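Student: Next come the chains, spelled out residue by residue.
There are 2 protein chains.
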Amino acid sequence: MTNKIALAIHGGAGTILRSTMTPELQAQYEMVLQQALNAGYEILEAGGSSVDAVEAAVTSLEDFPLFNAGKGAVFNNIGGHEMDAAIMSGKDLKAGAVCGVSHVKNPVALARAIMDHSEHVVLCGQGAEQFAKLQSLVFEDDAYFYNEQRYQQWQEALKEDRVQLDHSDKKFGTVGAVAMDMNGDIAASTSTGGMTNKKFGRMGDSPVIGAGTYANNNTCAISCTGHGELFIRSVVAYDVSCLIEYKGLSLKQACDLVVYDKLVKIGGEGGLIAIDKLGNIEMPFNSEGMYRACRNNNGLTEIKIYKD
Amino acid sequence: MTNKIALAIHGGAGTILRSTMTPELQAQYEMVLQQALNAGYEILEAGGSSVDAVEAAVTSLEDFPLFNAGKGAVFNNIGGHEMDAAIMSGKDLKAGAVCGVSHVKNPVALARAIMDHSEHVVLCGQGAEQFAKLQSLVFEDDAYFYNEQRYQQWQEALKEDRVQLDHSDKKFGTVGAVAMDMNGDIAASTSTGGMTNKKFGRMGDSPVIGAGTYANNNTCAISCTGHGELFIRSVVAYDVSCLIEYKGLSLKQACDLVVYDKLVKIGGEGGLIAIDKLGNIEMPFNSEGMYRACRNNNGLTEIKIYKD
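Residue numbers (our numbering), protein chains in the order written: chain A, 1 to 308; chain B, 1 to 308.
Think of the hints as simulated: they come from the structure by calculation, not from any bench. Note that the coordinates shown come from a computational prediction; the quantities given were computed from them, not determined experimentally. Treat the hints with care, as some may be off.
The list cannot tell twin chains apart, which means a pair is met if one copy fits it or any two copies do.
What the hints assert, rightly or not - BS3-like cross-link-like pairs, simulated, lysine-lysine; straight-line CA separation at most 27 Å:
#, residue 1, residue 2
1, K262, K277
2, K94, K265
3, K133, K159
4, K304, K252
From just these sequences and the hints, can you work out the full model?
Tutor: Here is the structure:
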């Protein structure tokens, strides 16, 4: 028992412009980040596990329509919503991930059920939905996922026959959480609705263990948000872990090298949130902004959108 | 130009028992390994790229009905064939992967088309098949993928309601190749038909960049075969790469640590083939056997099934 607890969350990174942000909208984002932070932190405070805490925080973010995950998932090319999610436990390296599911209210809950109740790590598409039904997970109809702004984004993207990130400004819509519980166990989770007008069953980095999501008690827990293809090719989350384990870097050194140097060199815009086995938190991003928040029981509380 | 060329291939690892192997069957496996080796090696000899060489070798293995990939893919729970494949180029870290596709004759060709002709890295299911059609890839009907032995395996698995590996003996059915071309560029590719009676859209490690497949000119190119879930959780292929890059291990040291120590500790049965930037080849496995072969232009030629 370390009695130290810590949690960090993100709601995606990208070109978040102050010029298009109203004070009301900013207050709304901050309130929702606060709610998600509370949802996870309360579990840690009560002695709950880091896995439960990241699931609770991501669930809260999935339920908020302005983030591209769960209820707020963007429209794909055929007007549906295909969502991806992953969760990983650093204590035993157990993991669950789901890709390309529709109508599942909380994809993170499905990733958790796969981790806890299947012999597999990754389930895809309709097969994953069948498993979700057997696990009695909550399903929602199209109306639940409908959002006028998302619909307009899709119509614009359809007209121009282009895939687009989740906002008209370039934003990588993903939500995620990392946490350390009283036992010193760390965990990570990520969830996303992918890209507006996405075709061909495209899968990003979020559900890829080692790329968008990774947790290992020996090193760190990571949840990424960014240009998925480049994050997959760079195996970003496990890269941070290996730089700590094999090269002896600190969490900050490893995160800075990956986000500000390695990713920048290949045009890999985005960021990540990270926690190490000591409870240190890093939230680096090489884009304009990243919706993010963190808290520990040593006096740290932070809710931010822009660099500052 | 190094003028050094090298190629290694595998047809899966697992409990391959001498007691169930006839001399005729063994000769057939060896002949097919030789053919696949030739298909890739001829390209390297003619000055072709390592990416072309691994694609040619894997295509040859996919076309052979006794390996669980392409034509020989096992039956899933509903009597279909869901195949996964990946390819990665070590020169520029470009990658393409496909998961859960049916009726595509050569999934490796689809992975290659995704790498070369899409802005994405991973495409899944029917969306990936749509992309394959736009790319004019060859499709085959159910009859092409039908195999009496595979059908009986599926019927047995159905009766017992269990997922099973691709042979009645425990075998991880996957094929793969790694190569170095005259320019010193390395590449890796992996292809699989998954598990007999597989349900729920399960995805293994083969198409996961960093887990079953990885290539980086600075370190090594890797193709894995084994218990996919444990290989995903261990990010096996990128782990070997990081042990070389960050810890300074040789290819052999890194492969031995991962396959004989780290994987064994978690019950991760299987193996991998690896090539490093100097053209060194390793083919370690912690199971009874692994169908494997390799060749370079320094006199090495090897075709093996068992340890010996």
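Student: Each hint needs a verdict: does it hold in this structure or not?
Tutor: Cross-check of the supplied hints:
Taking CA atoms no more than 27 Å apart as the test, K262 paired with K277 passes in both settings, with 23 Å inside one copy and 20 Å between copies. In this assembly of identical chains, K94 and K265 lie within 27 Å of each other by CA distance solely across copies; the values are 14 Å between and 32 Å within a copy. In this assembly of identical chains, the alpha carbons of K133 and K159 lie at most 27 Å apart only when taken from different copies (23 Å versus 35 Å within one copy). Proximity of K304 to K252 under the C-alpha cut-off of 27 Å is restricted to the intra-copy arrangement: shortest distance 18 Å within a copy versus 46 Å between copies.
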